[in-house]
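Novice: Below, each chain spelled out in residue letters.
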Amino acid sequence: MASSMLSLASAPPSASLSSHEIEKGKLNLGNSSLCFKKDKTNPFMKTKSVGRISMAVASNVSRFEAITMAPPDPILGVSEAFKADNHELKLNLGVGAYRTEELQPYVLDVVKKADKLLLEKGENREYLPIEGLAAFNKVTAELLFGADNPVIKQQRVATVQGLSGTGSLRLAAALIERYFPGAKVLISSPTWGNHKNIFNDARVPWSEYRYYDPKTVGLDFEGMIADIKAAPEGSFILLHGCAHNPTGIDPTPEQWETIADVIQEKNHIPFFDIAYQGFASGSLDADASSVRMFVARGMEVIAAQSYSKNLGLYAERIGAINVVCSSSDAAARVKSQLKRIARPMYSNPPVHGARIVASIVGDATLFKEWNAEMEMMAGRIMNVRQKLFDSLSSKDKSGKDWSFVLKQIGMFSFTGLNKAQCDNMTNKWHVYMTKDGRISLAGLSLAKCEYLADAIIDSYHNVS
Amino acid sequence: MSTASTCATRCSWWDHVTPALKDPISAVTQAFLADPCPYKINLGVGAYRDDEGKPVVLQCVREAEAKIEASNFLESTSTALSSKLVEESAKLVYGEDSDVIKEKRFAGIPALSGTGACRLFAEFQKRFYPESRIYLPDPTWSNHRNIWREVHVPDRTFRYYHPDSKSLNFMALMDDVKNAPDGSFFLLHPCAHNPTGVDPTDEQWREISSLFKVKNHFPFFDVAYQGFASGDVEGDAKAIRIFLEDGHSIGCAQSFSKNMGLYGHRVGVLSVLCNDKIQAMAINSQLQQISRTMYGSPPIHGISIVSKILSDPDIKAIWLKEVKVYLVSSFFFRFCTLFDFHYYKDDWTDSLSIISKCYKVMATRIHRMRVILREALERLESPLNWQHITNQVGMFCFSGLNRAEVYLLEKEFHIYMTPDGRISMAGVTTKNVDYLANAIHEVTACDQDAKILHNTDAYKINTDIRFTSLGTSKTRARGMNLAL
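Residue numbers (my numbering), protein chains in the order written: chain A, 28 to 491; chain B, 8 to 491.
It is possible that some hints are incorrect.
DMTMM-like, lysine to aspartate or glutamate: derived pairs with alpha carbons at most 25 angstroms apart [as the list claims (entries may be wrong)]: (1) B:K109 to A:E92; (2) B:K245 to B:E95; (3) A:K462 to A:E115; (4) B:K111 to A:E107; (5) B:K331 to A:E153; (6) B:K29 to B:D162; (7) B:K438 to A:E150; (8) A:K165 to B:D42; (9) B:K284 to A:D100; (10) B:K133 to B:D189; (11) B:K111 to B:E94; (12) B:K133 to A:E92; (13) A:K148 to B:E59; (14) B:K111 to A:D100; (15) B:K133 to A:D100; (16) B:K47 to A:E150; (17) A:K143 to B:D321; (18) B:K109 to B:E241.
Where chain A lies over chain B, by a calculated footprint (3+ residues, C-beta under 8 angstroms) [as the list claims (entries may be wrong)]: (19) 19-26; (20) 266-280; (21) 294-304.
These are computed hints drawn from the structure, not numbers from a lab. The beta carbon of each residue, even a glycine, is placed where N, CA and C say it ideally should be.
With the hints as constraints, model all of the structure from the sequences given.
Specialist: Here is the structure:
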């Protein structure tokens, strides 16, 4: 029986009905005892018309009929919309990828050098250990905590190479889910869009703490502290180490101290996402000061790192998850469990990005060059902020205070524009940004500051 | 206000975190690396080595890299490269001329090698068939179970390997496929089964495919060794082509770790066949969403190498040649088995000379090592049957050694392999094969439970009745649920 059905299966698939027709019930399906439970129709039988003859053809109708399109990613969706726009004045201020003044992607010189060195060395492509490249893990922890930090010397940091910030966050989320079932992660309102998705898929509950104050276009510090205090003891508090995404608003050093106090009081765990080390102030060391302060207090800390922005290694997916523990024994155990989570995800992490970072950070000359390029990139953004602020202040006669542009730090600026105003930015001015009012200054050139200022002023005043 | 608690006084948050069990495969490598013995051998992980025991970077990989520019870092190029990789990989596995390719009736996404592709599929399966299970062959790669368990999809096994005959347990396999509930998800190895090296014949695949049709099962293929089993990429995809001919809608996890030697770059593709382009888009969007919360996207370096190799005809030709030269040819194996009967007699030298002529013509390194290892064991007059060393296909040899013997090999001889007795033939070289054979002979001859092994006359009785078990029921007839 099976063979006769199979012989009919060789009818050209172009004669097959679309899933649309099948759903509409135009398909007259044969009966069979081989019904797949989930489908009402028999997925095994499908009638086809070949000429005027209908044949019962055995072919497996896809069992994924019911699958709908997933919603587009809000951030990456912006770039796609931008690409589709043909207007000559269009401006992409969506994704946080660094661009030069000419608005071209920038491959750091230091990365080109490292890449060339690797090519010449002709290294093998063997599997890395599950925890990643040892040389990379060493330098990444030193870069974040400082090479002389006692936590490193005492081997109290569990460091595992991860796939950029996302991958590292996911490893930590899985660890939390496994060892702190029911514990919540508190994320800032707003935060990077993918944070909630990561915790959702890792089945870790989360809630928000107040962060952005639209009235001041600054930090709602009291709200933040109150919400952290109110959280159940033993919650994980997700903090942006520097250059908060999307607002660009960072706590001051004094505010950081208070945040640390409250976290210690409530016995929470601080969980840092450090995606912009170097991009905030231009100094790699200075940008790590918040994390280092927490660690210096003897607190146990989780910290996810990414080299996507500061080394421009977006596409190579290189980062790390660090867990600072109170003992080297705990660190060893935690590391073993992080490895156990990584193995059924991807077995071992990719080698190329790790080698690049290890060769740059591990070589004194290259590291120095990187510091210089970092300063240059951060510097360009600071210049752009200044120019934007100047343009806004001179063009806008309403007396609105635009100084937040200068106070905010890092790649992004939270303009305070609402959704309708953002739509106006895109529809009228062809300025692409995320709907929460965030613009990526890394995508802005000095030449375009005046145009952007016009767009912002128009949207702010003329649209509600 | 700020109380700086010292580390000494407070407990760790992580006190309740126990040390994880070591992954059985990477634990072997770790132990090997930690061993200072100068003549140690690593037969653990399945990564190809040359006769010096060194990893090999294929020429096609070097050529591809030379052509790749640093402009890979552009996001737009990344998207184009990812699409190219998916397109070319689909052609490779489904066949350039297949309808599936022509009509673009597949969803595909780059993945973090085979592991990542399996994980994406497992997540996808859980999301859209939350009550489903996965049927895994017994035995299978140890990480398969971890992957599906991680996403809370329960697994069942179907019988596959017959430990006594060291071959496929086809009747039992068909039985288990039949008895599984209709519409079950099955994971299949289309060639070079890991860890056994035992593959169904084309005819057996056809029967399996027919039964799958009747039962409406979903076949998911883990394609880790395309090109590695026979040296022929088309031939190694035969099982998949058979299923395609039969109209199955399948899923495939492809890995380029072994067949392009790109282990550390984590390059693979997950593809799922669909009804049409619209459904393909929907599935793609779901798969992308799943990967975005795990790691974003896979690293571009590996993606650009593979898409270059597959899409540049000159470089692809180099690759196809290298796959044949370095890797295994199954024709040679089948040729070998014709002479197997000689091995039971004393005049194995004749058959050996015939075979050595063959392998001078068709020699590939892993082949040669299989033959030499088997020869060496027989020269030592091992009472056991080592036929399976040359019968099995691919990178691995399922030696039949038990845990106690594996342990002895490690402790006494500094030879490392996974506890299930799986040997990675890639770790065997002309320099170490004699030492390896001697060691295996020592530990099997000294088996405490099987004193009978010392009495070769008793074993000859066994061979006369064609009983090819490697030992007593007590030591050998263990369940094959090994290191899963």
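Novice: Regarding the pair B:K133 and A:E92, is the alpha-carbon distance no greater than 25 angstroms?
Specialist: With a Cα-Cα distance of about 15 angstroms, the restraint between B:K133 and A:E92 holds, given a limit of 25 angstroms.
Novice: Has the given pair, B:K245 with B:E95, been kept, meaning a C-alpha gap of at most 25 angstroms?
Specialist: Roughly 18 angstroms between the alpha carbons, so the hint for B:K245 and B:E95 holds.
Novice: With a C-beta cutoff of 8 angstroms, work out whether three or more residues of the region 19-26 of chain B approach chain A closely enough for the coverage to hold.
Specialist: Our answer is that it holds, as 8 residues pass the Cβ test (under 8 angstroms) against chain A, meeting three.
Novice: Need the status of pair B:K331, A:E153: alpha-carbon distance at most 25 angstroms?
Specialist: Measuring from Cα to Cα gives roughly 20 angstroms; hence the hint holds.
Novice: Hinted pair, alpha-carbon criterion (25 angstroms max): B:K47, A:E150. Please report holds or violated.
Specialist: holds, 23 angstroms
Novice: Holds or violated: B:K284 and A:D100, Cα atoms, limit 25 angstroms.
Specialist: With a Cα-Cα distance of about 21 angstroms, the restraint between B:K284 and A:D100 holds, given a limit of 25 angstroms.
Novice: Examine the region 294-304 of chain B for residues whose CB is less than 8 angstroms from any CB of chain A, and state whether their number is three or more.
Specialist: holds (count 9)
Novice: Is the straight-line distance between the alpha-carbon of B:K438 and that of A:E150 25 angstroms or less?
Specialist: Holds, at about 24 angstroms.
Novice: Within a Cα-Cα threshold of 25 angstroms, do B:K133 and A:D100 meet the stated pairing?
Specialist: holds, 22 angstroms
Novice: Does A:E107 lie within 25 angstroms of B:K111 when you go C-alpha to C-alpha?
Specialist: holds, 22 angstroms
Novice: What's the verdict on A:K143 and B:D321, does the C-alpha distance respect the 25 angstroms limit or exceed it?
Specialist: Roughly 24 angstroms separates the two Cα atoms, so the pair holds.
Novice: Are the Cα positions of A:K165 and B:D42 separated by 25 angstroms at most?
Specialist: Distance of about 23 angstroms is within 25 angstroms: holds.
Checked against the numbered hints above, the structure violates none of them.
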